[in-house]
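Undergrad: Going line by line, the protein sequences match chains A and B.
So for the first sequence, my numbering puts the first residue at 18; every next one is plus one.
So for the second sequence, my numbering puts the first residue at 14; every next one is plus one.
Source of the hints: derived by calculation from the structure; they are not laboratory data.
The list that follows gives simulated cross-link-like pairs (lysine-lysine, DSS-like), each with its CA atoms no further than 27 Å apart:
{"no.": "1", "chain 1": "B", "residue 1": "101", "chain 2": "B", "residue 2": "396"}
{"no.": "2", "chain 1": "B", "residue 1": "389", "chain 2": "B", "residue 2": "101"}
{"no.": "3", "chain 1": "B", "residue 1": "254", "chain 2": "B", "residue 2": "305"}
{"no.": "4", "chain 1": "B", "residue 1": "101", "chain 2": "B", "residue 2": "185"}
{"no.": "5", "chain 1": "B", "residue 1": "305", "chain 2": "A", "residue 2": "194"}
{"no.": "6", "chain 1": "A", "residue 1": "194", "chain 2": "B", "residue 2": "304"}
{"no.": "7", "chain 1": "B", "residue 1": "147", "chain 2": "B", "residue 2": "389"}
{"no.": "8", "chain 1": "B", "residue 1": "304", "chain 2": "B", "residue 2": "288"}
{"no.": "9", "chain 1": "B", "residue 1": "389", "chain 2": "B", "residue 2": "401"}
{"no.": "10", "chain 1": "B", "residue 1": "396", "chain 2": "B", "residue 2": "185"}
{"no.": "11", "chain 1": "B", "residue 1": "481", "chain 2": "A", "residue 2": "194"}
{"no.": "12", "chain 1": "A", "residue 1": "194", "chain 2": "B", "residue 2": "309"}
Per label pair, the in silico range of CB-to-CB distance:
{"no.": "13", "chain 1": "A", "residue 1": "84", "chain 2": "B", "residue 2": "202", "range": "22 to 32 Å"}
{"no.": "14", "chain 1": "B", "residue 1": "365", "chain 2": "A", "residue 2": "207", "range": "44 to 54 Å"}
{"no.": "15", "chain 1": "A", "residue 1": "340", "chain 2": "B", "residue 2": "318", "range": "29 to 39 Å"}
{"no.": "16", "chain 1": "B", "residue 1": "318", "chain 2": "A", "residue 2": "266", "range": "40 to 50 Å"}
{"no.": "17", "chain 1": "A", "residue 1": "55", "chain 2": "B", "residue 2": "202", "range": "53 to 63 Å"}
{"no.": "18", "chain 1": "A", "residue 1": "247", "chain 2": "B", "residue 2": "139", "range": "51 to 61 Å"}
{"no.": "19", "chain 1": "B", "residue 1": "385", "chain 2": "A", "residue 2": "88", "range": "28 to 38 Å"}
{"no.": "20", "chain 1": "A", "residue 1": "256", "chain 2": "B", "residue 2": "308", "range": "50 to 60 Å"}
{"no.": "21", "chain 1": "A", "residue 1": "61", "chain 2": "B", "residue 2": "305", "range": "53 to 63 Å"}
Some, not all, of what chain B presents toward chain A, calculated at C-beta under 8 Å:
{"no.": "22", "residue": "146"}
{"no.": "23", "residue": "152"}
{"no.": "24", "residue": "170"}
{"no.": "25", "residue": "465"}
{"no.": "26", "residue": "472"}
{"no.": "27", "residue": "475"}
{"no.": "28", "residue": "485"}
{"no.": "29", "residue": "508"}
None of these values were measured; they are calculated from a predicted model.
Every residue gets a Cβ at the ideal spot worked out from N, C-alpha and C, and that includes glycine.
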Amino acid sequence: MITRDQARSAISQGPDAREPLLRAPRSRAQWFAYLYILPAFLIISVFHILPVGYAVWISLQSGVVRRFQFTGLDNYIRALNAPEFWSALQTTIFYTLGTVPITMALGLGIAYLLFQKIRGRGIYRAIYFMPYIISTVASAIVWAWVFDPRTGLANYALALFGLPAQQWLIEPTGIFKLIGEGLHFSVPGWAEGPSLALVGIMIFAVWQVIGFDIVIFLAGLGNINSELYEAARIDGATGWQVFRHITLPLLAPTTFFILVISLIFSLQAFNHIYAMNRSAAQQLGGPLGSTRTLSIYMFQALYEQNRAGYASAIAVLLSLMILGLTFIQFRFLGKRSENA
Amino acid sequence: MKTVRAFLLMVCVGALLSVMACAPAATPAPPPTNAPQPTTAPPTSAPANTQAPAVAPTTAPAANPTNPPKPTPTPPPPQVTAAPGALKIQFWHALTGASQVAEFQKLADQFNAANPQYYVQPILQGNYAATLQKMNAAITANSLPDMILGNPGDLGTYDAAGVMLPLDDYIKDPTDGLGALASQIDPALYFDTFDNRIVGISNGRSIQVMYFNADMLQATGFDKPPATFEEFEKVCQAVSKPPDTYCFALVPGASVFANLDWNQGGAYANADETKATFDDAAGVATLEWLKKLADKQWAYIPAAAFGDQTDFGNGKVAFTIGSTAGLPFYQNAVQGSSKPFKWGIAPLPRAANGKNNVDLFGPSIGILQTTPEKQKGAWQFLKFLLSKEVEEEWAQVTTYFPANRAAAEAVGAMDPTTVTNKAFASVIDKYKLAVTFLPDGKREPSAAAWQSVRDIVANMMTAVFTGKSGADFAATDPAGAAKEGVERVNKALGEFGK
Chain A
18 MITRDQARSA ISQGPDAREP LLRAPRSRAQ WFAYLYILPA FLIISVFHIL
68 PVGYAVWISL QSGVVRRFQF TGLDNYIRAL NAPEFWSALQ TTIFYTLGTV
118 PITMALGLGI AYLLFQKIRG RGIYRAIYFM PYIISTVASA IVWAWVFDPR
168 TGLANYALAL FGLPAQQWLI EPTGIFKLIG EGLHFSVPGW AEGPSLALVG
218 IMIFAVWQVI GFDIVIFLAG LGNINSELYE AARIDGATGW QVFRHITLPL
268 LAPTTFFILV ISLIFSLQAF NHIYAMNRSA AQQLGGPLGS TRTLSIYMFQ
318 ALYEQNRAGY ASAIAVLLSL MILGLTFIQF RFLGKRSENA
Chain B
14 MKTVRAFLLM VCVGALLSVM ACAPAATPAP PPTNAPQPTT APPTSAPANT
64 QAPAVAPTTA PAANPTNPPK PTPTPPPPQV TAAPGALKIQ FWHALTGASQ
114 VAEFQKLADQ FNAANPQYYV QPILQGNYAA TLQKMNAAIT ANSLPDMILG
164 NPGDLGTYDA AGVMLPLDDY IKDPTDGLGA LASQIDPALY FDTFDNRIVG
214 ISNGRSIQVM YFNADMLQAT GFDKPPATFE EFEKVCQAVS KPPDTYCFAL
264 VPGASVFANL DWNQGGAYAN ADETKATFDD AAGVATLEWL KKLADKQWAY
314 IPAAAFGDQT DFGNGKVAFT IGSTAGLPFY QNAVQGSSKP FKWGIAPLPR
364 AANGKNNVDL FGPSIGILQT TPEKQKGAWQ FLKFLLSKEV EEEWAQVTTY
414 FPANRAAAEA VGAMDPTTVT NKAFASVIDK YKLAVTFLPD GKREPSAAAW
464 QSVRDIVANM MTAVFTGKSG ADFAATDPAG AAKEGVERVN KALGEFGK
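Next up, chain A with everything else stripped away, as it sits in the complex (with noise of 0.2 Å):
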């Protein structure tokens, strides 16, 4: 019988440095594992891999569809000095830093709250993971419904404040260009921001998204050992400690996975951008361009001017972005989650 202790042991030692990565099923229980993994490895093979391998040659390809030729990395040099690739680059960034670290900071703020022994939090907990499980085309019109610039609910409430209507998902202007405008400062080119039909777009991704953060955040807190609360209120930690030194250093590894997949969510984000620029009757990625992220300008780059290889080129590229992201993540903050 092996222990638990002796199987995470052998787990984390990995296989013997000496044998061979590869070698042939010695035993009748190694062929069967081979066969269990069978069907999951066609699967990926042939809807995963495959296809990015495709992806990849298409990439080195110029021409329409079943007429290419090869051209090497001309669709990669060609998207690299782009300037629409670049500005779709920077409205990605914009996007992620608008949406991950606010969605992670109130899930966790939430998730904390509804950790507590409160009435009803069975209710709250459902109620806030609602918006993770509706359609997000359906909610997406509903919220450029929203921010209808004349019937929508979001001037309505700026109004109760006495701000101005804003133009919301039609307005190509940075937001900070718009607050200096408003408090009577000019703001320099470089320093707008997002546009305001961006932060729109960012308020539902958050709104949507930060279901699946609390509800992973409360898997999270319901790991903690309660016994190390008890001992730290006997020491007479305040609330703000406990938390502080607590529950964020245990929750590392929770928070670690919640930000490599908001990351690689967020760079990828499509769905909704798509349902809300056709809600607000704009172009896609409009208005002005102002809210085109990367996977938009790679769908308009295939499906509007028919450039496959093109296409493929920034979805390769985003795609190494992401693993590059997410390689870093796991190099300088993996560690140090897996010691917390």
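For chain A, the structure is supplied; the task is to place chain B on it using the hints.
TA: Relative to chain A, chain B alone:
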């Protein structure tokens, strides 16, 4: 402490629920407003020397305002099943209207019943953009349908991939060609030619027109729609009372710009349609005109899909621009409002010394390279769709103008009291009027690449109209934007498919 936490949670949940529960209810179509009262400004008559076409604004029926005719009156008929051994012909289309789907299925059933060796299956693929996406995937996967309905530019995209069947030989075939039908169809308007090969034929086109609120115009002293840009401005000056009532709801788009550019005397594109040319005087004048409408607060850009139709129906705007395919929808919007009014259609305004141009658009049908048998069956069905009787029926469901001249004349001569399609009967007077605009019909460049630059043109209009620049457009002055627009369009045309 617990009470405070519970309170905080309740506040958060309250805010969340407010958004979820109130949003749809808080954002209905703009509330109907009363028709604007006559202004104190002296009524202005349109100059007598203008050539505005005679327009017959209809009186909104008051007899039964709660039961307006719907554009989707026909339930789908039972489908004919395939005869044993029948050759299946898949027809992908983008006709999303329920009445159009039902009618198209009905026509396929008729054809299948009369030609049991074939079984045509119309398959809705979503709107035109969705159909284009699915076709691109189908081309990549080599899993093609047999027939396709799409924008002419989309057919050009498929043709560039080498999957479209050139129809020239089929049309000219002495035994199975178009025959007498050929003389009934204007090839310049209804055939789509790429690389000197016909790859698409339209069974119906629509035109771009200006919708106007006749009551609003009359209340401010105008008894007919403006024919020129100057007259349009005079009407705008009289009817605009922002933020309640505007003169014009502008939906930026390439078709609107191209039509206005033509009406300013511009060409929009060069003769061989390889380059945009709207940075000339006419193009700049078009943008200056739009900027003037914005600066004077006579026009606005709707912030919701179909917002122009909704606002028009609610009497909040005097003019919109749209396709004649939308006639039944405008009729519904007006009749569905609390205060129906008289409305009409007219060509878009033109320069005082210029001529009218009417943008002619609409989908075309193409046949894909499959097997000779399937191609033959698809050709038979296409000919069936172009026949006089079918075209007459199709025109009533779609308000398209038939490619078949005999059918067009027959529909144009229909007596409104005998038309069985109620939706069509309610707009037949305007349909007939639109027929008189057809001699001024003109087509935008139809090459595939032009489909990809439509957003650039729309962005150019938005930048000038709003005076705001963005990632896609730096210039906001008319001359600068026209120059930047042409540069961007020509660059995109050069990059298309590369």
